[in-house]
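**Q** Sequence order for the protein chains is A and B. Heads up: the first sequence begins at 1 in our numbering, then just goes up one per residue. Heads up: the second sequence begins at 1 in our numbering, then just goes up one per residue.
Don't read these hints as lab results, they were simulated from the structure. Any given hint could turn out to be false.
[As the list claims (entries may be wrong)] Pairs of lysine to aspartate or glutamate, EDC-like flavour, derived with a Cα cap of 16 Å: (1) Lys-104/B <-> Glu-76/A; (2) Lys-73/A <-> Asp-79/B; (3) Lys-81/B <-> Asp-96/A.
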Amino acid sequence: MKRFAKVIFRTSLPLLALVALQPVIFASVDDAQSFALQAAEPYVKQGFQVREDYWGGDLGSGEKKAVRQQLFKGNEYWFWLGTEVDRAKVSVHVYDSDGKLAEEPDGWEKGHFAAAHVIPKATGSYFIIVSVEESPEERTHWALVYGFR
Amino acid sequence: MRPGQRGGSINVSQIVLSSDLCTAAVPVKVRSINPEYEPEINSRKCQMIPFTRHLKLGIGLLCGLAMCAGAAQAPQHIDIKQLSTTVEDVVVPLPNEIFGALNKLGAVNWKQHVRSDKGPNFTERPRIALLLGTVIADGFIAVQAEDSATVKEIGQRVLALAKGIGVGNSITPHAKAIVEAADKRNWENVRQELDRTQNSVQQAMNEVHDEKLSQLVSLGGWLRGTEVLTSVVKEHFSSDGAELLHQPDLLSYFLTRLKAMPEFNVPIIRQIQDALGEVKPLIDVGNRRIPPESVKKVNEITTRLGHGIVTRD
């Protein structure tokens, strides 16, 4: 009986460890997307339609990535960036095709959330620059969603 | 307090010189905080005596400023050519993203663009994918026209087409939600469900490594959206309306993807590829305006392609 208990204990130990480490092991871009959508939530009530499709990936601390997106004059856009790493600091900024900062001054950054607001002056391609400013992790998942009205 | 709820708020969006807050010599822009957190900062359970109130307000403000001051000001200009780490994935705009912008330029008679004919049943998967994208776009047009009956028909048609390419299971709940929302004339929900439908179809395709079919769904939707956009602008021309056609990078994206589909030996795919080559110089005009003749030409091309997508060879 004692031996049986030992076997149970030994086999359950790795399982317990797996359960405990699960958030670390299985953290993914999907988790980052959940946070980005969380940041977008208050804006839905203001009439913004948040797209289901999104961009995502992982970045090291201090790294940036550019996302190119077609925007239409007449619409108003918000881009929301999120990561599941709660001690990370992220930022998002939007530039037009000439490289000129194209965002409104009411964008915000708060820890692992950031958002940029754009009212395009012209229809065309814009560059959204996402950045992991600081993070305790070697690689930090990020996800960027956008909404328009 | 839930995000978005209104409370007494302090506007912390302002420019301050950073010298008092940190050692950086450049101005630091204190960015406004997420409205979600504003009510939390300003809410309190009981009335405070003035001194405590000032003290707490002061501490709160300092903490807020210290927290926000960490956000470095974004450069006013960057060199786009030096961006070597660009994400290649494109999120193709939804038809209603363009229709919304078009609506703001003046009233549009959306009813005249509603299309509800069922069309033929194809067996070739690339053709079904293109048609599916087109039908989803038709759903957005029917929503603009607030045509409940057509939206419901389209919901069923989308489901049938999704089954045709083996992704029906992921669409069933969305088709149901579209019909329910159309019954209630809840157009915002229908729009959201149409977006979800397209996303679920594409995700299901990507999971089985059918990314190319997924791209054809987007292309079908984009073509139908562009057909209607040019039709509206052609009838009541305005420079702002024509400017909505300025989508050269999106066109390049589709052209690149089509070139990578040699295995799809379907005439319509090659016709679209050739036609997009014709469209590109008409809309890739840099800072110049798109003239009425170009709008007319793009309309002719997209109408021809649209007819090809819904018609058996």
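**Q** Output the numbers, in ascending order, of every earlier hint that fails for this structure.
**A** Violated hint (a single one): 2; every other hint is consistent with the structure.
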